[in-house]
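Residue numbers (numbering that gives the first Met the number 0), protein chains in the order written: chain A, 0 to 515; chain B, 0 to 1001.
Bear in mind the hints are in silico, worked out from the structure with no lab data behind them.
All of these numbers come straight from a predicted model, not from anything done at the bench.
Keep in mind that a hint or two might mislead.
Stated by the list, open to error - No more than 27 Å apart at the CA atoms, straight line, and that leaves these computed lysine-lysine pairs for DSS-like:
id, chain 1, residue 1, chain 2, residue 2
1, B, LYS522, B, LYS131
2, A, LYS202, A, LYS176
3, B, LYS827, A, LYS495
4, A, LYS1, B, LYS453
5, B, LYS546, A, LYS293
6, B, LYS243, B, LYS131
7, A, LYS176, B, LYS774
8, B, LYS854, B, LYS76
9, A, LYS4, B, LYS357
10, A, LYS422, A, LYS437
11, B, LYS131, B, LYS453
12, B, LYS503, A, LYS4
13, A, LYS176, B, LYS769
14, B, LYS131, B, LYS40
15, A, LYS419, A, LYS293
16, B, LYS130, B, LYS246
17, B, LYS753, A, LYS467
18, B, LYS507, B, LYS63
19, B, LYS357, A, LYS1
20, A, LYS4, B, LYS448
21, A, LYS1, B, LYS334
22, B, LYS112, B, LYS753
23, A, LYS491, B, LYS827
24, A, LYS495, A, LYS249
25, A, LYS4, B, LYS76
26, A, LYS64, B, LYS827
27, A, LYS1, B, LYS246
28, A, LYS1, B, LYS100
29, B, LYS357, B, LYS453
As the list claims (entries may be wrong) - Listed below are several chain A residues computed to face chain B (Cβ distance under 10 Å; list not exhaustive):
id, residue
30, ASP330
31, ASP436
32, LYS437
For every residue, glycine included, the Cβ atom is placed at its ideal position computed from N, Cα and C.
This is what each chain is made of:
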Amino acid sequence: MKIIKYILISAVVFVAASCSLDYNPIDTYSDITEGIDTTSASSQVILKDRAAVINQRQVLYQRLKDGQEHWYLDMLLLAESHSDNAYAGSPNAETTPFEINSIEGSNPNLKRDWNGHMDNIAQANRLIQGIDELKDPSLTEAEAKQFRAEGLIFRSLVYFDMVRIWGRVPLITTVGKDITADNIEEVYPAYFPQQSEEIDVYKQIEKDLLEAEKYAPKNNPTDKTLLTKSVARALLAKVYAEKPLRDYNKVIAYADSVAADGFELVPDFSDLWGVQLQNPSAPPGENNFAVDAKKRNTSEAILEIQYPVGSGNWVTWMFGRSLDNWNFWFDWAKWITPSRDLINAFQTAGDTKRYNESVVWYSCSWNIYYPSSNYPFMYKTRSAYNSIIKIRYADILLLKAEALIQTGDLSGAASIINDKIRKRAGLAALPASITNDKNALLNAYLNERRLELAFEGQRWFDLVRLDKVEEVLNTLPSRDSGRPALRYPYDKFSYKLPIPQDIIDQNPNLVQNPGY
Amino acid sequence: MENTKKNSERKIVFRFATRFLRRLFPLLVSIVVPLTLSAQKTTITGVVVDSNNEPVIGASVLVKSTSTGTVTDLNGKFTIEASKNDVLVFSYIGMVPQEIKVGNSRNINVVLKEDIKILSEVVVVGYGTQKKKDLTTAVSTVSAEDFDVRPIVSAGQAIQGKAAGVQVIQPNGAPGGETVIRVRGTTSFNGNSDPLYVVDGVPVDNINFLSPNDIENINILKDASSAAIYGSRAANGVVIITTKQGKSGESKIAFNAQLTAKNVTHKIQSLNAADYIDLMEEIRPGSSSQMSSDDITNWYDEVYRTGLQQSYQLSFSNSTEKTSYFLSAGYLDEKGIFPASFFRRYSFRANMTNEIRKWLSIGSNISYSDNSNNGITTGAGSNRGGVVLALINLPTSLPVINPETGYYTRNFYGQNITNPVEAMENGKDDITRENRLIASGNAMLTFMKGMTLKSTFTLDRRHGLQTGFSPVVHVAGIDEYGNAWDNRNMNTVLTWDNIFNYQKSFDKNNIELMMGSSWTDSKYSNSWINGSNFRNNEIKTLNVANKIAWDNTGTGGSTWGIMSYFGRISYNYDSKYLFTANFRADGSSRLHPDHRWGYFPSFSAAWRLSSEEFMQGLNWLDDLKIRGGWGQTGNQSGLGDYAYLQRYSVTRQQWWITGQENVLPIITASNLRTTDLTWETTTQSNVGIDFTAFKSRLNIIMDYYYKKTTNMLLNITLPSGANVTSIQRNGGLMRNTGFELSVNSINITNKNFKWTSDLEFSLNRNKLVKLDLTKIYYDAATSDAFHGIQIVRNEEGRPLGGFYGYISDGVDSETGELIYRDINQDNKITASDRTYIGDPNPDFIYGFTNTFSWKGFSLSIFLQGTYGNDIFNASRIETEGMYDLKNQSTRVLDRWRRPGMITTIPKANFNLQPSSYFVEDGSYLRLKDLTLSYNVTAPFLKKTGISRLQPYITASNLLTFTNYLGMDPEVNEWGNSNAVQGIDWGTYPQAKSFVFGFNIEF
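Construct the complete structure from the given sequences, taking the supplied hints into account.
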């Protein structure tokens, strides 16, 4: 029949007008370029070859550099504004709760911090498990062990901060599998994990660091950006000082091993924070700007995140003037405004050297905590070229002093505080009346730590570690006339912060910390 | 003799003129020819009346196959010269044309019957047409008459309130008339919920390029059984737009011009300088020491202007037995109520068809448009460039220009507020342009009567260009070095459709068979360059920028393809029992090869009760039909081009650092692969009734539908800590059910006066039934004062877009604080006290048009509105939040000031949280358009060859009845979002407009 004939003709046209549907990405690396066969489920690999491992290691170092917001700015908000060192600075619903102790689950900063930290964990896991599963002979065993150790140190750094902030957090050490309709039940717990107990998180950190200590690269005096054996040791010293794993002998031992790696205090405190000015003999200003950081890779830096010229940090804008660009973003209120209580502590101690490196005064266009004509700013990060010194030897050395005090070696502790720390600061030794009294020395130690490590993200954690939160902070508004009234007094629940509500909403297997 | 000579001389002159004009201006011929009647013709007179014996005014009387013709006068009388063998054609809009042979009569009286037009209308459905009366599915039609005297810029505006079941929102008043169209609710969560647009048979992604003047009609396929023929792209309904074609016997030159003046509908007054100082002293004691109490700047006047919109279109069309064409050129220039904002469009169109052989006809549709526009920053607080809020937040005591620096004031008593005058001046160079060419050619083979094969090939090429420059500023305390950007993209979509069609009728059986294939291939490429550090503002191109952004400059590209096979079979018996089945198979390159193909069937049937014996006694009933249908459609719009693959993002590394000279970029996985990704499928059932009675004076269409989207696409963010946290999965279920009613009636019709009404009513109930993995999604961060706390929450068991926050229980008269309800009763107000505080989904929406015509006048009143929807008025956070030194609206004059004071406005510095305090009833009834037009029918027009002259005036958005406190209740800063609706956040306000225009045809 004719009709059939015409239908057939048409059908031929339809077939002729057909085409293949295989289109591959043209501007994006994907499974196709990374050699993953998506038609079989078993072919999933995390890192396909040595180049992918090197790439992934680079990812971790990049994340250290990019962590300026959650791993630096917000840590300062938590450790300085949430303690007695600073005011929120730019008061608002996001920062004020840190200042008046009304932090709760809806706080957006805690959420971004949680996510920033957990994303870092995931990237570390990719490197660690990717190396474990890799079968590429061009990656030597030594390389594999070293890169893996760096991954472990990175993961420990993150978990150490997380466990100190939140206590119970999900402990994730593996990379999740693909999710398909068939295995969704099976992989669900990996993607929606429960929290682990605080002690288990600490044990994982300890285990990872002990292993990493063996294989991580040695300290390189000319490159302090690497996750070295010394970083692992310094971190172990800090971990053993914390309550859940507290072992002061180990703190002392690891502090000593860090010293044995060649670390010491720099003689000039300003080497750590200073800048090189265009005209070194004039003060910084609109027409005399910073051209570089004063020093990098000092003998005191254990882990230093560097921002050389051409790749500056941005976080300086948040604190005050950027000395490399005097007027840049200086028209809105800055964060981490030094508190009267801290300024007073410097003045009482007669500590001008460290004070001058920690606090700077400018006139500005706002008058929130001080008159706008003379307004203090946090000064330890003052130009785009300044490094963020993540771990420095003074911290570890002081921890050793803390361990000595707690183990009863008061003179050993006093010699660290007097002969090293205070001496460098140009301050007289503490009187014997203090150094002979354990309690007095502990308080003096805490004050020393406060002045030495101001605006370095330590103060809150020091108060927590030594159970001083209620004692020091509930009396703060009476000591500090500029401090807004506390919304709630600090109590035993204040030692851990709330799990962000959005994170709980997203993962119903998480449980809020008590008191929130 | 003298007279005869003169007459013949005159004839010669006219003939000469005719010849001249025939060459020069063939379309004018029809007017001149009647004056050259030859002597053997006789004069015929008569009256044309309608079935009520009322004269029909302006009916056309034409001598068939000639261009000789006339129209009836006010008494329905006509006079025409014709010869014995001529046939006269009588026609009038809405009446059935009649042909009468002249013969020996000198007097012909005609009764024109009203056309039961609705039943004989033809509706464009996918890959074909159907008689409206034979429809088994739910289709709405909007034709050009419904909108050709309204000041609309985009086709979407034409549909608003004119089609039941279709919700059209103009989410803001920015030039360009962006609309959001939802056919029977939102069907997708992360995918696109826009309908598929098909313009002259070509699927396109948007219709911004289209001038409404070119549109003949718009058909909206609403149910699955009509839309399923478009398969995987039709889940959100299909809007089929047919552009104008030359019409038989209408050689026509048409010119339309329209001039519109626009003003902001509603202003929000800020505090004067003295009241501002009072407030600031309460917010921050001591802050007012430097503040002046003189009002020197009226920011409204500095910023708003009267927007002017001009629109012109010239078109030529003609149709002969074998060829028809339509050519048009249009120009639209819309200047917004904010000085920097505009939308400009040049559009050209050439539609042509020709029957080149008996068995072959060819056609082409070519359109080209050139759009450019510039907006202002909206959806941002005045601290981040938001212009709409800035002019309310600015203290009136400071000048636009700071006299000390000679530059724009930037620091307003220490508060960072965008200076809107500066922002708009600096934004002048930010321009977005788009050129679009859609060239489509087709050839149709006719194998035998009723059997055709049509092949259409289309090239759709879009070229976009976005450039901008923020200027160099060096004055005291400010050093800005200038930034510029240049983003370009080009997209080419090729479509090749082949459609086989066969129609056959025998006895009372009518069969139609359609089969086809469609191939679509898309290639996209783009580039972006960003640079900074300019010498000055003289040259703004990037060749003079000193720093090219090393990590924000590059090129890219992507491709996708779809292959489809489809078919339809329709059968009806005497238009009494009707049945249609569709089937479509679609394969998409975006899916894994194992899951690439989707299959979309649909069935529908109708029963015309009115044709049954037992209904024959009901003379008043013209038509009664029950329809029912079921079908499945798909949606792949939410899928990225390579969605099933794991893809990696690239981070460039700094190569200028010593030791890193040869560094390579690093890559990080950006999503988890989903090998089993597949189509979203929407299954829809529909039942409807079509009812026509009283000689087509009453026409009712009702439909009920039930729609379920399964395998709904979710863009899941897994809890952080996962290897990769983002994955696209088919893991949701959404439901929409609804009812729609359309009533058209001719209430009064007599000799001079006619009153018609048109009511379109829709209600839709949406519910998110299931979400896999992540159960809760937050969205919509607004004011910085909320610090990233998002105010929309979507979860299982709720309609989309619920507002989430604290319940506010008014102002505590003792403390002045806003009281928040402690839902979990733990004596603390914390995040766990938040709950649902509003629903942006309306209970129902409606449009109601009344048209009154009296002689040549026509008055059209178009009302439109929504009922029962909430709006989150986030703008009020900034204008009544009283949390920093921003100026506030005069509403805060009633704020709490002393214990015991009873008021609804809390004290300055109250605890500001996302709460029901900012949620308002968004119901409104709007006089959308009020149009008065006049069809000039004066005799002199005919002499000059003008067949239509219609001046008109229109007022748009003249009146709005609402309790909403914001600038306008038709608002959504999130525009086309599925998850977020009804949020007013410094949104570009709607304008009230006054239009003068005219349509003229030769």
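Q) Of the hints given before, which are not true for this structure? A) Violated hints: 1, 14, 17, 18, 21, 25, 26, 27, 28, 31 and 32; rest satisfied.
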